[in-house]
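Following the hints, complete the assembly by docking chain B onto the known chain A.
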Amino acid sequence: MPEYNLYAGCSVPANYPNYEASMLRVADSFDMELKYMEGVACCGSPNLRAIDYEGWLKVNARTLAIADKNGNDIVTPCNGCFGSLKDVYYHLKHNEDYVEMVNAELASEGLEFTGDAKPRHFVEALYTDIGIDRIKDSITNPLDGVGIAIHYGCHLLRPKDVTEFRPEILKDLVAVTGAEVVEYPLWKQCCGATVLPVDEPLAIRLARDKLKSMKEAGAQFATVVCPACGNQLDLQQLDLKNTYGEEYNIPILHYPQILGLAMGLSEDEIGLYLNRVPAEPILEHVSK
Amino acid sequence: MAKTEEKTVPPVTLVDPIELSELDRDFREEIHNMPNGEELGACFACSTCTAACPIANSWDYKPHQLIRMILLGMREKVLASDEIWLCLTCFECQERCPQNVRVTDILFDCKNLAAEEGRIPPNVAELGKELVEQGQLYVITADWEREDLGLEPSLPGLQTEGVQNMLKESRTGRLLEEED
Chain A
458 MPEYNLYAGC SVPANYPNYE ASMLRVADSF DMELKYMEGV ACCGSPNLRA IDYEGWLKVN
518 ARTLAIADKN GNDIVTPCNG CFGSLKDVYY HLKHNEDYVE MVNAELASEG LEFTGDAKPR
578 HFVEALYTDI GIDRIKDSIT NPLDGVGIAI HYGCHLLRPK DVTEFRPEIL KDLVAVTGAE
638 VVEYPLWKQC CGATVLPVDE PLAIRLARDK LKSMKEAGAQ FATVVCPACG NQLDLQQLDL
698 KNTYGEEYNI PILHYPQILG LAMGLSEDEI GLYLNRVPAE PILEHVSK
Chain B
56 MAKTEEKTVP PVTLVDPIEL SELDRDFREE IHNMPNGEEL GACFACSTCT AACPIANSWD
116 YKPHQLIRMI LLGMREKVLA SDEIWLCLTC FECQERCPQN VRVTDILFDC KNLAAEEGRI
176 PPNVAELGKE LVEQGQLYVI TADWEREDLG LEPSLPGLQT EGVQNMLKES RTGRLLEEED
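First to last, the protein sequences are chains A and B. Start counting the first sequence at 458; every next residue gets the next number (this note's numbering). Start counting the second sequence at 56; every next residue gets the next number (this note's numbering).
No wet-lab data here; the hints were simulated from the structure. Note that CB positions come from ideal geometry on N, CA and C, so glycine has one too. Since no wrong hints were added, every one of them can be taken at face value.
Incomplete in silico selection of chain A near chain B, CB under 8 Å:
{"#": "1", "residue": "A507"}
{"#": "2", "residue": "R519"}
{"#": "3", "residue": "E566"}
{"#": "4", "residue": "K617"}
Chain A with its partners taken away, still in its complex shape:
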């Protein structure tokens, strides 16, 4: 039974309890023991890095050091947290001066960064530690060839030397549910969430580019593995109606919601009713 430090971040627990609940249920059925990390808070997201590199380094080094105490890897459902933790891990691994600096600060709390515990995205841990074969065996209610576009999110994919994430992972994880992965031209492009505090119209335009590209390629649904991307693609569909007079009607599902459905979880167990663009139409594609 693999054991992990669950770093939920702040956005998933506050805004997307359906993502959190479906992830926990899926993990539980594979005996992945996700234990909420004690004594942690926010990663600061790219916003903190923008104004305060050292503060960002220390805050995330602290989270890594807390995991180092029991040596279990950190698993997170959020690309923002994943990006921050991976980036700080990378910087600490490549610069001993930083390790000295953060450890001097962490000593007062009895903590030390050793780098034993690695930060990982939940989907990567699921793919690597459980494996596609075991996941395949757990599919009882396959999704009947329904077209799903994958939005990976920037901080899951890039920079590649930092995140070490291969896009095939998520592709395989979606395909194993019986769904059809819809390829679309802008699959790598940003959803625009990060620029929301600085330029909202630009952020909305980027969400539009993304949704349009998905729609034109024939996607009926889209999946995300990040609360910020999820918020941007789900909620902005309402703004797109107002600003552009366009309706996309692409339900945005968090990946564990899709896998959960294919594993026979009920719509209530995965919190489908909390998705803003009504996601219930996906139920029609679940064969029993």
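Chain B alone, transformed into the frame defined by chain A:
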């Protein structure tokens, strides 16, 4: 042979000429010494970064120009630009750079320098404030939604003091205190 027309106006230029006296020769070194600036000097201005950027078409200074401006020492223009804050941090530019220049990371460094001088967009400063004051960006308000899904109403293990204390002593805390 036709007579060449006499030129009476200065030639048309796409950008304003650089004022040499406004250049800061140390700026290049300053960025070079920051966490991700090592490869800065390797840029040969091929503009692959700009071609990769999803929003460069709406920028006055394109990514490759910003890197060039840093190399030339145009400190004031770079740090005062909106572009550094508009960066999506999507890392497309950095990923495709054939010279391994960490373009996005360097723009992060520029933002840090601008922040040090108190130049932070209001909404970004507001997010920094929230981090210092509550230790997290999003606070759970709809605990019934969590309970309906079988989750604890509040996040297990959450403890914000550690983060708050660290940030109070950091640039974030200092800058926001100065602002008040």
